[in-house]
Each structure stands twice: as C-alpha cells, then as structure tokens.
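S.K.: Sequence:
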Amino acid sequence: MKRVLSLLIILGLVSILTACNSNNDASGSDGKDSDGTVTLNFWTFGATGYDELLKEYEKENPNVKIKFKTSENADHHDALFTAISAGTGAPDIAMVEVDQLDRFKQAQDRFVNLFDQGAEEVQDQYQDWSWNTGQNIDGDFMFGLPTDIGPKALYYRTDVFEDAGLPTDPEEVANLIDSPEALKEAAIQVKEETDKPFLDSMEMAYRAYLDAAPETHLNPEGELIVNQEGSPVKQAYDYAVELNEAGLVGNFEMWTPEWANAVNNGDFAAELGPGWLKGWMEGNAPDASGLFRVATLPTEFSANWGGSFLAIPAETEHAEEAYDFIEWLTSPENQLESFKSHGLFPSAPAVYEMDDFKTNEDEFFGGQVTSVVFGEAANDITDAVYKGEKYVSVNNEILTALTNVQEGADPEEEWDAAVQRAEDLVSR
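Take 1 as the starting number for the sequence shown in UniProt numbering and just add one per residue.
A couple of the hints might just be wrong.
Under the rule of at most 27 Å between Cα atoms (straight-line distance), these lysine-lysine pairs were calculated in the DSSO-like manner [stated by the list, open to error]: (1) 387 / 67; (2) 196 / 184; (3) 55 / 67; (4) 55 / 234.
Quick caveat, the hints were computed from the structure, so don't treat them as lab data.
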C-alpha cells in the first residue's frame with residue numbers, strides 16, 4: 001500500500017508540473033500569449049472614455065489586448081500604492097492624478113523612466129508646465145505623459161451679474177475683474193444688489209491664490225513651508241478670510257447636494273473652476289442651462305486645478321508596448337476625442353488650433369465657445385507646481401481651519417493650530 005500511495009503521489013506531482021509547464025508555454029516566458037498577443041492591464045479612475053478609445057487601438061494593433069479597470073479616485077490610488085510597494089499586482093499602465101503624483105515620485109524605482117522609451121521625442125506636444133510636472137526634480141526621469149489638465153477660469157451667472165448691474169459679456173467681465181482687488185469689488189456689488197455671495201465657499205476663495213503658486217505647502221526637501229515669510233498658502237488663507245468677513249462667500253461645500261442645488265438655482269454668482277467642471281455642470285444643473293458664461297481670470301489667479309498622467313509601473317513585462325499605447329492615447333488627435341466625449345481638457349496645445357475645438361459651441365453656456373477661453377488660460381500658466389508627498393494631508397488641515405473660521409473661530413488661532421497639526425504630520 002505504501003508503494004502504491006507513493007506512486008500515486010509522484011504521478012500527481014508530475015501532472016501538476018506538466019500543467020504548470022503547459023500554462024507557462026501558453027503565456028510564454030516573455031509574458032505573451034501563445035498566439036503572440038500582449039495583454040496590458042490599464043488602471044484608471046473617474047469617467048475618461050478611454051475604454052472606448054482603446055478599442056480603436058486594439059483594432060489598429062491586433063497583437064495587443066488591453067484590460068481596462070476604473071475605480072474611484074481614492075480607491076484607485078490606494079490600490080496602486082499598495083501594489084507598487086509590495087512589488088506585485090501592479091498594472092502595466094496606471095493613471096495618476098496630479099495631486100497624488102509627488103506621493104508616487106517617492107517610489108521612483110518602481111516606475112519605468114519614460115525617457116528610456118523615447119518620451120523626449122514627443123515633449124513638444126504638451127504644455128511645458130504640464131510636462132515638467134511629470135518629471136522628477138532633476139529632470140532626468142519622466143514618470144508619466146500628461147493627459148488632461150485643469151486650467152481655471154471664472155464661471156459666472158449672467159442673471160445674477162445682470163441683477164447686480166455688472167456686465168455679462170465674457171470679454172467685458174474679464175476686463176472688469178482683472179485683479180484680486182477688482183474681484184472683491186465686483187463681489188461687494190453683487191452682495192449689495194442681490195444679497196447673494198459671489199463665491200460658493202471659502203475653499204474656492206482660498207484656492208484662488210493657492211492654485212497659482214509653484215510651491216505651496218512643502219519644498220522638494222520635504223520641509224513644511226506654509227509658515228515661512230511670504231507663504232502663498234498664508235496669502236491664500238488671508239484672502240479667503242477677508243472675503244468671508246465681508247460676507248462675500250457662501251457655505252456650499254463642493255460636490256454636496258446643497259452645492260449642486262446652489263449651482264442649479266443660482267444661489268451664488270461665480271465659481272473659480274477648472275475646465276473639467278463644465279462637463280459636470282452640463283450634466284447636473286439643467287435649470288442653469290444658458291445662464292452661465294466663462295471669462296479669463298486675473299493673472300494672479302492663472303492656475304491649473306487637476307489633471308492626470310499615464311505612468312508605467314516597473315513591474316510590467318511590456319514596457320515598450322505600454323509606452324506605445326500611452327503615447328497614442330495622449331496624442332493631440334486622441335486628446336481632442338477625449339475632450340469632445342468626456343470634457344477632458346487637453347494638455348496638448350495643438351488641439352487648441354483644431355477646428356473641432358475652436359468651434360465647439362456650448363449650449364449650456366449660451367452658445368459660447370468656452371474651450372477657447374480655457375485654452376487661453378492654459379497658455380497663461382507658466383510654472384510647474386510642486387505639491388509634495390503629504391500635500392493632501394497638510395492641505396486638509398488648512399481647510400479644517402477655514403471651516404472653523406466660517407463657523408466663528410478666530411482666524412489667527414485657527415491658522416496657528418493648523419500649522420501645528422501640519423508640522424506633526426510632516427514629522428511622523
């Protein structure tokens with residue numbers, strides 16, 4: 001019986017090994033299927049429309065199959081960070097949001113340097129500041145190709161402006177609101193004439209200066225700089241406090257049902273928002289259709305809010321094929337398609353000169369070609385922005401302080417408390 005059992009065990013092991021070898025032969029030692037097809041795993045977040053575009057790529061490249069996965073922003077980035085930290089389970093291609101990018105730059109060795117794949121050959125296709133954001137500090141490592149960006153502009157309600165006695169033509173509005181002081185003066189007029197706040201929240205007033213600063217909460221050495229002399233974060237904080245004390249900001253937190261109703265009903269006059277916001281407005285504020293316009297912001301507020309990069313984790317066995325795909329996906333022609341289908345604002349300036357872009361009238365905005373305004377805003381941005389690994393956590397402490405101020409707390413006491421909490425975070 002022992003001999004029989006031993007023989008059966010040996011035969012079982014042989015069967016398992018044979019099966020394993022068969023599976024390896026099917027996928028190939030180079031990671032390819034037995035028919036030579038390469039499968040790329042592609043992780044994204046949000047609504048991009050990339051799942052439709054990749055079908056076109058697969059038709060043009062029958063040797064490549066792409067498995068597409070999309071998740072919520074936080075879940076996506078947490079899963080990606082866990083995978084690259086573990087050294088297993090990462091996709092071949094990953095979308096990384098700009099606010100998260102510096103967090104992943106700390107793990108440079110876990111990514112493919114896109115310069116090694118020839119990325120410098122397409123550098124001139126993208127906004128300089130967006131391209132530079134995708135590099136490391138030394139400029140010798142490219143983490144990801146820029147996809148969409150978020151140039152900011154002034155979204156405003158023509159009915160509220162008209163009731164306040166302000167102009168409603170976009171060019172006239174841009175000429176009137178041409179400085180932070182002029183924005184405050186217009187806001188005071190709106191408040192006096194309509195009893196409505198100009199901006200939706202203190203956070204949006206805070207972001208006016210904040211988003212325009214090339215360096216905010218942390219420097220490249222990881223040091224907290226919010227309390228240094230001339231800090232743009234303190235300047236942004238003080239501006240938000242100033243507008244709040246004058247009664248010029250509302251208390252509508254972005255993305256809440258109350259905020260959505262306020263956008264729809266015209267409960268505040270304006271929003272300092274990025275280009276991608278218009279896609280949300282068109283789909284979620286039906287009663288506001290035809291009542292919004294877009295104008296350029298003062299130079300001091302020229303900034304980018306949001307955007308993403310396509311990176312290749314080092315774990316991939318198909319760096320060349322992955323790069324070929326992301327270069328194709330972020331080409332000017334395909335960025336135009338993403339813009340038309342899902343409102344992703346292009347990081348490639350060549351798109352701004354394309355007829356479909358320049359003649360893209362927005363019914364929601366009264367037939368205005370808003371894309372041209374955002375194109376001008378994108379071209380006005382000059383600097384790449386450094387956020388730092390702990391940007392999100394540190395910034396949340398400042399936002400907590402602003403929330404407390406709006407509820408009646410002392411601004412300076414709240415600032416000092418927020419800085420102390422930020423210092424504790426950075427020192428961990």
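S.K.: Starting from the hint list further up, note which numbers the structure goes against and sort them upward.
M.R.: Of the numbered hints given earlier, those the structure breaks are 1 and 4, listed in rising order.
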